[in-house]
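Using the hints, put the two chains back together into the complex; each one sits in its own frame.
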Amino acid sequence: MLTLDRVSKVYKVGAFGGTELRAVRDVSFTIAPGEVVSLIGESGSGKSTIGKMILRLIGINGGTITLGDTNVATLKGAAVRDYYREVQGVFQDPFSSCNPIFKVEHIFSLVRGVYFHSLSATEWRTKVAEALGAVALEPGQVLHKYPHQLSGGQLQRLLVARALLLDTKILVADEIISMLDASTRIDVLNLLGELKSRGLGILFITHDLSLGNYISEKTVILRRGRVVEMGETSKVFGNPTHPYTRMLIASVPQLNRRWGDESITDPGPCRVHAASPSGSAGTALLVEVEPGHSVACFRVDEGLPC
Amino acid sequence: MSLHITDLRVYYRTLAGDVKALDGVTFEIADGEIMGLAGESGCGKTTLGNSLVLLDGRMKHVGGTVMLDGIPLPIADFDAMRHFRYRDISIIPQYAMSALNPIRKIGKMVGELLESRGVRYGEIRPELERRLELVGLGLDVLQRYPIELSGGMKQRMVMVVSTLLDPSLLIADEITSALDVSSQKAVAQALQSFRDQKFVRSMIVVTHDVSILYQIADTLAVMYAGKLAEKAPTDVMMQRAKHPYTRMLIASLPEVGVRYAEHKLTGIAGTPPSLLNPPTGCRFRDRCPLAIEQCAEEPPFVEVEPGHSVACWRVDEVAAPKDSAA
Chain U
43 MLTLDRVSKV YKVGAFGGTE LRAVRDVSFT IAPGEVVSLI GESGSGKSTI GKMILRLIGI
103 NGGTITLGDT NVATLKGAAV RDYYREVQGV FQDPFSSCNP IFKVEHIFSL VRGVYFHSLS
163 ATEWRTKVAE ALGAVALEPG QVLHKYPHQL SGGQLQRLLV ARALLLDTKI LVADEIISML
223 DASTRIDVLN LLGELKSRGL GILFITHDLS LGNYISEKTV ILRRGRVVEM GETSKVFGNP
283 THPYTRMLIA SVPQLNRRWG DESITDPGPC RVHAASPSGS AGTALLVEVE PGHSVACFRV
343 DEGLPC
Chain L
126 MSLHITDLRV YYRTLAGDVK ALDGVTFEIA DGEIMGLAGE SGCGKTTLGN SLVLLDGRMK
186 HVGGTVMLDG IPLPIADFDA MRHFRYRDIS IIPQYAMSAL NPIRKIGKMV GELLESRGVR
246 YGEIRPELER RLELVGLGLD VLQRYPIELS GGMKQRMVMV VSTLLDPSLL IADEITSALD
306 VSSQKAVAQA LQSFRDQKFV RSMIVVTHDV SILYQIADTL AVMYAGKLAE KAPTDVMMQR
366 AKHPYTRMLI ASLPEVGVRY AEHKLTGIAG TPPSLLNPPT GCRFRDRCPL AIEQCAEEPP
426 FVEVEPGHSV ACWRVDEVAA PKDSAA
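As you go down the protein sequences, you meet chains U and L in turn.
Going by our numbering, the first sequence opens with residue 43, and the numbers climb by one from there.
Going by our numbering, the second sequence opens with residue 126, and the numbers climb by one from there.
Any given hint could turn out to be false.
Said to hold, decoys possible - Derived Cβ-Cβ restraints for the label pairs, each shown as a range:
(1) G142/L - G235/U: 32 to 42 angstroms
(2) A421/L - A163/U: 37 to 47 angstroms
(3) E240/L - K187/U: 48 to 58 angstroms
(4) R64/U - Q314/L: 29 to 39 angstroms
(5) Q314/L - T106/U: 40 to 50 angstroms
(6) P431/L - E172/U: 54 to 64 angstroms
(7) Q314/L - H159/U: 26 to 36 angstroms
(8) R266/U - A421/L: 52 to 62 angstroms
What the hints assert, rightly or not - Computed footprint of chain L on chain U; a stretch qualifies when at least three of its residues, placed anywhere within it, have a C-beta under 8 angstroms from a C-beta of chain L:
(9) 125 to 133
(10) 287 to 299
For the record, the hints were derived by calculation from the structure and aren't laboratory data.
Yeah, the Cβ is synthetic: ideal placement off N, Cα and C, and Gly gets one too.
If we strip away everything but chain L, and leave its shape as in the complex, we get (with noise of 0.2 angstroms):
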């Protein structure tokens, strides 16, 4: 088991209280495994992405805890995850565009971030080579600054520096979203074969777009509001989701071939709990259709077939859904 987090919970420290933005999260990555993370925003993905890497100052760690293969990750001491950092665990940031040093030629940025980790840029420059001809960069590239760079040129130079260390676990965080269609697919088709080369041994990728996440992703797990409301291979999701929320989520998706005049899609009316007080029960209670008094008490996140958990009191009431292909 590559990943093992259980009960992760992480408040940001505000004025106001806490911001409970994970509250209670546990799931399992296996070795290879590209697991989607989809949700709206606010609702503590990225949280979760970044509290595996870097709790920065306002980010508490209340409770839980991250085995990856088999270590405990020290993630509330900031000294110690030093060690983990970049070497077993690496993010591509989600203003990876800006993650660059405008000031540094790349080659040297590189260069100088590998020494900081006690890397010989010589050493490992003949890997960055084939990396970079991987994802489709001339050697060029080391020689120029970032601003001669386009957007998705930028995202892939960030994605094979993030993972020159072979990292156990590489997670990417709405990396595709500032692109277009077809940058988007270049990069998303990256993350695959870096996955295939077994650069990284599995990976997080983090976005709003679930229609990515089906093209490249093995599962794939929704949050809503703090919480995992459903987890499930992508297939598996995208024929049974049994979560209302994922369910209302993939249905509002239009699609292109697909003639709207007849039946238009429908929103999810309302917005997500305020995170700083979240009611109690279920927290997707007031905008759900399907919500019963028990919906009050929290809902377990329950397996319901092999690989497939929901965390949702009305499970079996829940329709068979209508044809994902339809």
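The following block holds chain U by itself, in its conformation from the complex (with noise of 0.2 angstroms):
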């Protein structure tokens, strides 16, 4: 199980650092064993920063991830280690996540460098060869190539294997498939499916929500770096309470419906409510409006609809 409890980044930027952004504030969610979460947000709202932040490849500014029951951010030597052993990430564009000129072989072969010294080559061959199967591609015909010489899907498999050498418990999958093509995206999708039934828990961090409203048992709707809406998919989806959140869906082209006149400009912290109940310009805070669904809207509690 993953926590993350309030956790904030604040980056640096401007001339010498001088301005702040807060590129995330507060952020809680958990994911379970066996759970795929999908983070979904649009560009800007902070989703790969928090992606980064649990694969510790930036620093957090406030609040904790656990994992267990040790905080990931003070983790230091072979501890650290021993964290990517269970908790890997995969990337948006498989082609830069591989050095160009290793084979598929020595790109795996990295892994063991680090992981499993004291394996013996056959054995190693054969952990290979198992973590190929689990995601449907063939030792003899991958290991032995180059990168450029396998499509996008191919890869990006290839290297969800890479993660699953170890014994993997959570993967944050970053934007996986929007650079595959639509006859080969799903089938990566559907690995996923598979791997969360065998107790894999996934991060799976998106801006489409038609996929994550395909994969993920929770949804969490980032804002400006703020969770607006959270809670088990059927529910985010099929009851969308925050005005931002309805939005989203009503602007994701479908197939069975053809857009509304709805609004596509971004309604402000709530478009009833444009500011909090006590005029300043405060935060509203995660509500539970139904068992498992949470949004943060400052008048949910009045019922009124937003």
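Next up, the structure:
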């Protein structure tokens, strides 16, 4: 179980880092084993920042991320290596995630060098074959190739296989199918679904609501670094409560319904309740509107439709 | 008839041989029609768009004719095309985000562009301002550098610039792919309004995202491995697509508001053939569940009902598709 508790991130931007950009503000959610959590937001909403913080690629400025009982931020030395044994990431562009001058075999053996010194060559080969089998790739067909000789879908599955070599419990999948063709993306998506049923917890970061809807149990909608709505996918998509979520869902191009005339401008804090009740530009807190469905809206408790 | 393409063949010259990116494409676009062109990466859809505007050094026009409003386009002749580019036929390129000169203020860049076409910036300025307003951009963007604009704003800016001289045909290449859902909708709807306001007569919208095309296109064409697989009015395509590839493509799209716990969607197994030595006969044969021996022969692109053409031998065998709204 990976837990994010009021996690924040501030980037220093501008000349000499004089300006502060609060990319992520007080985000809390959990990823349980065997669960896909989709983190949905537009560009600049901080969704990739959260993924990077979980993977320890950047530091966090507030709050804690814990895996089981260990605080992820304070790990040092060998503990970091053990952490990566359990938490792995796959990113958007499969070609830039691989060293182009290494064959696939060599890309895999880098993992062996760090984590599996003691394994004999035969044991290692079996392990690689198992991992590749899990992502429906034939070892003989891919191991001797360079990344550019594989298709995007194959390479992306290969990277998932690389993550699975370890005893991965949590996989951070950051826009992993955005670059793939419609005909192959669904296969990678189904692969994630299969891994989920084997007990892997997956954080599925995407801007595409239809993909999130397809794969995940839990949905977190981010807007400007803040969670505006989260809960079980069926509830968030079935009964979207925050105006921002509704705007996003109405903008998704669908095959059975043409776009209406709904406004597509960002509705601000809340379409009906532009300011907080006290008049200050405060922020609404997440409130549970039904079991397993929380919304950050000022007047949600008054039962007013947003 | 606005655009009339007959048996167009454009190959890429490489050291290994000719890559047959466009291999005999025939279709027509009527006045005021928005045609959506969909397909996997590497199927030749961008090549089709580019070849109508600018054949670069690697591309070779091997055969076929292009007629725009009754005038043949000399697409193989770089200099002769100069007369048509931008005025009669214009493109919003795939990476429109980086199509703006980063070291020029946008207004100045537009001015220079217009003057290179012999148009006075001052004369067209009122129209430019009107159109900026139409796509929801303030006039102050003309005083700004591209870096100061967001992705969606840049995209809309390029749209306005590309269509400023009211071209007869506009090619929009993957212009919504890099955008968020809300800006995607704004850009797509702006395209439609450009057609409605008659800034452009007709349009080819190239994208891999069929669901965007469903929203804005009048007709849909699906390309596979350098050839057209199917072309039909959008609603017809959604309700009764005939080509197995089209049907699998549409069936593989997840949608919002549908629960997928019970049934899983399936992709299309295999990869498109290499266009260096494309297989003879139907190019989708290897991935097609309905393939028969006859598919080793090239299927003709025939009209099965008015406005609906398919290149498949097994058109009649394709069972009645399930309701697309299911």
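Hint check results:
no., hint, result
1, G142/L - G235/U: 32 to 42 angstroms, "holds (41 angstroms)"
2, A421/L - A163/U: 37 to 47 angstroms, "holds (45 angstroms)"
3, E240/L - K187/U: 48 to 58 angstroms, "holds (51 angstroms)"
4, R64/U - Q314/L: 29 to 39 angstroms, "holds (32 angstroms)"
5, Q314/L - T106/U: 40 to 50 angstroms, "holds (44 angstroms)"
6, P431/L - E172/U: 54 to 64 angstroms, "holds (55 angstroms)"
7, Q314/L - H159/U: 26 to 36 angstroms, "violated (58 angstroms)"
8, R266/U - A421/L: 52 to 62 angstroms, "holds (57 angstroms)"
9, 125 to 133, "violated (count 0)"
10, 287 to 299, "holds (count 9)"
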